Amino acid sequence: MRILLFGGFLGSGKTTTILQIAKYLTTIRQEKVVIIENEIGAAGVDDKLFANSGLQVKSLFGGCVCCQITSDLISTIDEINETMNPDWVIIEMTGLAYPSKTAMSLKKYSKVYSAFKTITIVDRGRWSELIAMLKPLVLGQITGSDLIILNKVDLVGEAIEKIERELHEIDEHMKVVIISAAKDLSLAVLEEVVCCE
Amino acid sequence: MNSEATIFSRHYCVFFEKSLTTVQMEILLREFMMSIGRTMSRYGTILGHIKLLAKLSELAVEHYLFLSLTTLDNVNVIPSKCWPNASGVH
Ligand SMILES: Nc1nc2c(ncn2[C@@H]2O[C@H](COP(=O)(O)OP(=O)(O)OP(=O)(O)O)[C@@H](O)[C@H]2O)c(=O)[nH]1
Ligand SMILES: [Mg+2]
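Going down the list, the sequences are from chains A and B. The opening residue of the first sequence carries number 11 in the working numbering; numbering runs sequentially from there. The opening residue of the second sequence carries number 8 in the working numbering; numbering runs sequentially from there.
In case anyone wonders, no lab produced these hints; they're calculated from the structure. Here the structure is a predicted model, which means the values were calculated and not measured. Each statement offered as a hint is correct.
Per label pair, the in silico range of CB-to-CB distance:
| no. | chain 1 | residue 1 | chain 2 | residue 2 | range |
| --- | --- | --- | --- | --- | --- |
| 1 | B | Val-68 | A | Lys-117 | 40 to 50 Å |
| 2 | A | Thr-153 | B | Lys-25 | 47 to 57 Å |
| 3 | A | Met-114 | B | Ala-12 | 16 to 26 Å |
| 4 | A | His-178 | B | Glu-24 | 55 to 65 Å |
| 5 | B | Leu-27 | A | Ser-124 | 48 to 58 Å |
C-beta atoms are modelled at their ideal positions from N, C-alpha and C, and glycine is treated no differently.
The following block holds chain B by itself, in its conformation from the complex (with noise of 0.2 Å):
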């Protein structure tokens, strides 16, 4: 079963012409996620985990994006302010 499995993981750095807002960037990336995953589903669900973790770079603070593909066209999304501070220290 395992040896079956497809595995795809790539870093990629992408430069705009024109900087993009957060809200216009997390549009493009959810457009993404969705073309990736349609081609992948199976009666609406996704044998696997689509996941993308895109970082901003043009913010003062490191900001990420964390997108994640289950189910078809139901793109998750979590930035990364809304992540569990575990730290211990608050």
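Next comes chain A alone, as it looks inside the complex (with noise of 0.2 Å):
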């Protein structure tokens, strides 16, 4: 079972990439796929756009300060693991976690999973206000991610250069796919983000 953990600020894409990526590993591999989905708010509207595409998914609704859902997180994982066997499970974090976190909790106390990717997606559209209003959270969701998915860029926003930039000040080896998930994502985009070890 391997594990993809996705972050990303509020409304940055994250579930509109899952749903490609998990369409991708359902139907053209043939994996199985179960979702996590670790909402904000008691009125859940990620868990119904999964499960109406006809997704797995089970709900974490709870905090989103990282530390008080890991456990949850870790029993679900496990549960998933005895009763579902899937290929695949994909977290969608909230977009106030920082996913490295939580990926450095999960690697310490989980022991069901054989790959594990940490992939956040940054909102091409919004970049130079988010960093200038909220720049701890940004910053801080990207650090020690293993994939960079610069989402949005058919919206108007920073130079996508510049944004590249920035987050290579950030971490010189970081590796960064630019996407536009409103639009079909080409094979190599998708197998890029699948690819974990």
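Two chains, two frames, a set of hints: combine them into the complex.
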């Protein structure tokens, strides 16, 4: 069982991207996928989007501070492994969580996965504004990720090269893929995202 | 940083005296989203995500509209028939 952990600011395109990744895994690769949705607020929206797309989804409602949800997350992953035994578990973190912190805890305490990847989605359309107003959160979400997806490149916003440069100032070895999740993702992008050890 | 976040999340069931078409419903919902967005944007950017899932109940086949707002007045609407089918069954 491999785990893909998706983070990124509120509304950056996590659900939209995950839907495409999950569709690729289930229909092209014929592999079994379970989604874990950690949503803020009791009236879930994303879990219904996933369920209506035919995906199996487990919801974890609750706080958005990573450390509070980690024990629930670990037990949910264990339960999914025992009862459903999927090829993939895809986790959507809340838009306020720090994915690499959660990843560290999961790697430390969960023993049931064979490969793990942390992916942070960045919203091109709001990059400068979010960096100006919420810098510690945005940088904290990016730091330590295995892959950055620079999304919404169809929208106007900061120059893509400038964002890439700023991402590489945070970590010069950072892998960045550039997409518009509102459109069909290319096979090369889909394979890059799911490529993990 | 996280502790400063405000979360508002509710279910509402709204009845209309006269039935509305999906297009009329979409216009109303867009207005509703924009009015919330205008009070919450800073320099045209929503520092968060305003999203709404509307189940349109009068139709024989279940039908939803997903509305989302991250930049001022730019409501994105996706009807359920446009959501990807990821079930692996076609
Ligand atoms: N124009 C454009 N819109 C996009 C793109 N990707 C996602 N969106 C839209 O952005 C909005 C937010 O996308 P979501 O996938 O719900 O974002 P999210 O990160 O899951 O949001 P939360 O779970 O609320 O944090 C939706 O209206 C999407 O349709 C893109 O590449 N281009
Ligand atoms: Mg989402």
